[in-house]
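Chains as they are written, first to last, in the working numbering: chain A, 1 to 297; chain B, 1 to 297; chain C, 1 to 297; chain D, 1 to 297.
None of these hints come from the bench; they were simulated from the model. Hints are supplied without guarantee of correctness; some may be wrong.
No copy is singled out in the list; a pair is fine if it fits within one copy or between any two copies.
What the hints assert, rightly or not - In silico DSBU-like links for lysine-lysine, alpha-carbon gap of 30 Å or less: (1) K256 - K87; (2) K186 - K105; (3) K22 - K209; (4) K256 - K291; (5) K49 - K22; (6) K98 - K211; (7) K209 - K47; (8) K245 - K6; (9) K87 - K209; (10) K91 - K228; (11) K87 - K49; (12) K211 - K245.
There are 4 protein chains.
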Amino acid sequence: MLTGLKVAVIGGDARQVELIKKLCEWDATLYLVSLEHLEGEFPGAQKVKLEEVPAEELDAIILPVPGTDEEGYMETHFADESPRLTKEWLKQVKSSCKIFTGISKDYLTSLCNELQLPLIPLFDRNDVAIYNSIPTVEGTIMMAIQNTDFTIHNSNVIIVGFGRTGKSLARSFHALGANVRASARKQEDLARIFEMGIEPIHTDSLSDKVKDCDILINTVPAPVINVKVLQNLPQTALIIDLASKPGGTDFRYAKKRGINAILAPGLPGIVAPDTAGKILASVISQLLLEKRGEGSS
Amino acid sequence: MLTGLKVAVIGGDARQVELIKKLCEWDATLYLVSLEHLEGEFPGAQKVKLEEVPAEELDAIILPVPGTDEEGYMETHFADESPRLTKEWLKQVKSSCKIFTGISKDYLTSLCNELQLPLIPLFDRNDVAIYNSIPTVEGTIMMAIQNTDFTIHNSNVIIVGFGRTGKSLARSFHALGANVRASARKQEDLARIFEMGIEPIHTDSLSDKVKDCDILINTVPAPVINVKVLQNLPQTALIIDLASKPGGTDFRYAKKRGINAILAPGLPGIVAPDTAGKILASVISQLLLEKRGEGSS
Amino acid sequence: MLTGLKVAVIGGDARQVELIKKLCEWDATLYLVSLEHLEGEFPGAQKVKLEEVPAEELDAIILPVPGTDEEGYMETHFADESPRLTKEWLKQVKSSCKIFTGISKDYLTSLCNELQLPLIPLFDRNDVAIYNSIPTVEGTIMMAIQNTDFTIHNSNVIIVGFGRTGKSLARSFHALGANVRASARKQEDLARIFEMGIEPIHTDSLSDKVKDCDILINTVPAPVINVKVLQNLPQTALIIDLASKPGGTDFRYAKKRGINAILAPGLPGIVAPDTAGKILASVISQLLLEKRGEGSS
Amino acid sequence: MLTGLKVAVIGGDARQVELIKKLCEWDATLYLVSLEHLEGEFPGAQKVKLEEVPAEELDAIILPVPGTDEEGYMETHFADESPRLTKEWLKQVKSSCKIFTGISKDYLTSLCNELQLPLIPLFDRNDVAIYNSIPTVEGTIMMAIQNTDFTIHNSNVIIVGFGRTGKSLARSFHALGANVRASARKQEDLARIFEMGIEPIHTDSLSDKVKDCDILINTVPAPVINVKVLQNLPQTALIIDLASKPGGTDFRYAKKRGINAILAPGLPGIVAPDTAGKILASVISQLLLEKRGEGSS
Ligand SMILES: NC(=O)c1ccc[n+]([C@@H]2O[C@H](COP(=O)([O-])OP(=O)(O)OC[C@H]3O[C@@H](n4cnc5c(N)ncnc54)[C@H](OP(=O)(O)O)[C@@H]3O)[C@@H](O)[C@H]2O)c1
Ligand SMILES: NC(=O)c1ccc[n+]([C@@H]2O[C@H](COP(=O)([O-])OP(=O)(O)OC[C@H]3O[C@@H](n4cnc5c(N)ncnc54)[C@H](OP(=O)(O)O)[C@@H]3O)[C@@H](O)[C@H]2O)c1
Ligand SMILES: NC(=O)c1ccc[n+]([C@@H]2O[C@H](COP(=O)([O-])OP(=O)(O)OC[C@H]3O[C@@H](n4cnc5c(N)ncnc54)[C@H](OP(=O)(O)O)[C@@H]3O)[C@@H](O)[C@H]2O)c1
Ligand SMILES: NC(=O)c1ccc[n+]([C@@H]2O[C@H](COP(=O)([O-])OP(=O)(O)OC[C@H]3O[C@@H](n4cnc5c(N)ncnc54)[C@H](OP(=O)(O)O)[C@@H]3O)[C@@H](O)[C@H]2O)c1
């Protein structure tokens, strides 16, 4: 249980709902900031303005998944105005107060560094990235079905990159009956691809292998779907690029060749906000519990 | 090859395109009726009016997938006016001319009976139904992703009916990591479900098993998702009913209980017209080739 | 419950043990014949000689899985002498007494016909055949591993026949990462094979497809692995023939060509007698229960 | 091609055969030592005594998979006498000569250290360990089938450890229809297990989870299958311990409780020497080719 722990939740989207529910269940004291339009009963939670939060007593602050922008503003789907995280406000919190975010860009990172506050960009964690790969895969499947006139089954699919998301994509598209090839650059990844019954290709030799590709899914956050690859890709192929902005595809050239290439960020929050919220809720509660364990020892 | 064979294709949707391409490749002589807006080059094919077709010389007539309505009118996505199949016109064709349709309702069935013409409702064939189950499954997956806030993975899915479509659904949802239960009424089907690593339930005891169901997918063309089942289903569950109209769900009662129940007909033509067209093209060409084989022997 | 029901179990192998356990649990009255060396406590069961059984009171007689030989003798692993089922003895039982066996050859079949007794050859039932396919598959996997120097994974496996056993084999070898092709002669079976992500081949064209085959598994009880097929099979290939004696392989010619061809009957009883016994126990109890239901109505 | 490269292969088992074949194909010059009973034609290879090998000209030396014992002796299945690797002999080779072995114990490791020779224990490589996990899995499946009376399908299997071998085991037993749980201690491994549709358990809480376990497979080279775990394991369970000697099981206590616990080392060489040999052949040739690339530049 998290009884007695004080947590501020600031802004965010549908994913925050699951998180708030869970923290309530575990009996934390919650301050909901910039969430005034949020519906539902949350025992132990109160909707307040940022300046009303007892900042110096907080044990944790939970920011929206994308963190803050470069001026400190944060997204919220449940309030009219974007809240802002300022140095002045953050200076008040105690040094053990954990700051949770999905990802962290410069503003947030340097602010926490300066104030020596423990910042936890959850999406950097392998476990979170793997859990998140599940809704990501389903979002990708949905897009593949929506954007083609043929079935995934029996089509030629190439998954580029065999990291946390690539592994899940490869497994699922294979299970749906596609002819999957997966690319990697490490020998051990190529070995694992082979073990999974999938055809391994080296990311460097991608351009030689795409000639009969129907659907190309990229997870590599580097310009690997370049002119050379695009030149060999059939014009009718579909590209779904999952890598974080700006993706790994030369979109300009793809467009020139008339290839349908889609940059598809943030799929978990779009196709399965409940599941995505539960993933965050589960990891955050666990980390708060551990903290608790440490504190009491 | 189908050289010399004369075939009329009347109306239809995107699925006809693959069919026409294939028949051209195999060198049939084609009369395209009510398809004047169809784009593309089809060597050996000519766009004509129904009355211009040399009816008495035809070896085969290919109708739209849904056949005709009860007055003989047929759907077309590539013409301004719906063509009509009349007894007068059909009387002209020779008795060996095969009439292909997806499904056949009363008007078409009795017309062909009366004129003693060989009518082939392709969707009645097991092989066609099984091939078609593949795009049907993908359409169902797409709908499940679009209409829920959680992932298919780790959700409780019940597939009702274990026929040609049910088998494919069970396999695919299981492969995506759902906790699948599948229902049937034959002992041998329950045995096969078990062999596939899926939990079997008897269709008759459905109402006892739906309490924790997240997604219920029906394939039984009979009222099995009745009040008793719906009463036990969580209000948050999603129902996707694939059975031919009017489906197997008591939609009125589902609505009353606030359960989201969707009747989803014609998925293959919607999500994968290319694949769906190729399935028909392949079976029709094979049947024409066999006919040919017989004729020449 | 089966309280009051009188059942004789005559001879048999390890599979009978599970059956006897289950019937005891369900409170049947049991006469164990030619099972004197059977160890364990079976409440409600007594070990007796055939002539001591109150034949006229029996509700069911359970024979060994292979039934009787052509002189009426039955296998037993738990007695020194083979019991014999004679017309004289069987004449005593009442006409509603069910005779259970795995398979039935001429002697048994004509005896029951003559006496108008309900004979139930369990292996003829589709559900039993499907449940039994599970241990059959595992026995086949074991043999494939034992009799080759290479892995099943990534080897070229052909499954001949896509009936109750063939379907399970295809699924499992595919899941283990083999390159599986499966043969059938019905269009609908070829369609289902394709849907499963496996390469379909027509049984008639087998000889054209075996050139790179590493492991050939036959389930067709007809001479399909003939000289023509064997001529094209690599000499290093392994044949596992599961079809009932004499199998579907020309063993003489296989030997001549130096191909290792193994006839492998009775795998369920060998690799998983517990499971195989439970399958029979479950179906027999269910049938007895139904009978009971009928009787009491 | 490896033309001009001089390689000595000393002793070994069936796995060496594939290796030698491959090196011959690639046109290396081979000295086969303590392999006099090896059958087959190997163009470019000569069978010689250790002292006849032109040691100072060698580019690579390939030892048996287990390396040497603590006195330098090496296994051979194809000669009457075990060859010995001495410091005197090894002193002659040039400093760029690569020494390949499967695993390396103290004697070999310190000898190569002392002489500053590049020693390559192939089984330490992730790619080799993953490729090897494939025959290891099949050996484990074979043992599970041989040593139980029930099917893997529908049995409760626990895989302990989720490293290179554990991942492959989990995937394959799940695919065969077992109810698999897999244990790990890293959050990211638990996440991946969940993503694969398998139930994750923390290795530390193993003792709470084994109560209904039918088959327990250990891959952790540390004493994790301890008294506490064994006390909770059903007496009828089977333990297959794959971890390198002495395994992770308290075998003494298991025996006391009457639990069948099997230490099963070296499965790849036993069940699939061909495949195991090809894995080594492929990695060694690749490393020699790379070397070559470097040398020529
Ligand atoms: N669209 C969405 O909804 C969504 C959801 C989740 C993740 N993402 C994004 O998807 C991307 C992948 O996420 P992840 O969790 O799978 O990351 P990851 O585990 O780090 O995997 C990245 C993969 O890319 C490869 N890679 C990186 N740089 C490369 C280069 N220069 N050349 C070739 N290969 C390279 C990596 O190979 P090595 O292992 O050899 O480095 C690895 O296989 C990220 O950009 C992430 O932000 C998007
Ligand atoms: N929405 C779409 O896009 C789409 C696509 C394909 C098919 N469909 C429709 O989906 C339905 C199923 O197609 P299918 O090809 O799978 O048909 P199918 O092979 O005939 O399977 C029908 C299943 O329903 C069961 N069933 C039939 N009547 C029943 C009853 N009164 N009570 C309990 N179970 C009953 C059957 O059991 P038994 O075997 O025991 O009779 C069988 O398991 C059809 O209506 C078809 O038109 C829709
Ligand atoms: N060794 C063991 O331990 C073991 C265990 C279980 C079963 N069995 C034996 O294995 C065999 C198969 O059992 P099952 O339950 O799978 O039987 P099944 O369901 O009847 O399947 C038999 C298959 O063989 C095909 N077939 C039959 N005659 C054929 C012919 N003349 N030409 C081409 N194909 C033909 C059938 O095709 P159609 O459907 O088109 O007729 C079907 O695909 C039987 O002999 C059975 O006794 C052995
Ligand atoms: N019998 C055979 O034929 C055969 C074949 C191949 C391999 N093996 C043997 O099998 C074993 C596993 O091989 P592998 O390639 O899978 O190794 P691996 O990739 O290193 O995996 C070892 C696993 O054990 C876990 N582990 C290690 N020490 C632990 C501890 N003290 N407590 C809890 N977990 C611990 C690791 O967890 P972390 O990742 O958290 O450290 C990892 O999950 C080795 O001993 C290897 O020699 C045997």
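Evaluation of the provided hints:
1. K256 - K87: neither (46 Å within a copy, 52 Å between copies)
2. K186 - K105: both (28 Å within a copy, 27 Å between copies)
3. K22 - K209: The answer is between: 26 Å across copies meets 30 Å, while 47 Å in one copy does not.
4. K256 - K291: Neither: 53 Å inside a chain and 42 Å across chains, both beyond 30 Å.
5. K49 - K22: Answer is within; shortest intra-copy Cα gap is 22 Å, inter-copy 66 Å.
6. K98 - K211: neither (50 Å within a copy, 39 Å between copies)
7. K209 - K47: Close neither inside one copy (55 Å) nor across copies (40 Å); limit 30 Å.
8. K245 - K6: neither (35 Å within a copy, 51 Å between copies)
9. K87 - K209: Answer is neither: 51 Å inside a copy and 49 Å across each miss the 30 Å cutoff.
10. K91 - K228: neither (51 Å within a copy, 50 Å between copies)
11. K87 - K49: Close inside one copy (17 Å), not across copies (76 Å); limit 30 Å.
12. K211 - K245: This pair counts as within: shortest intra-copy Cα distance 26 Å, inter-copy 42 Å.
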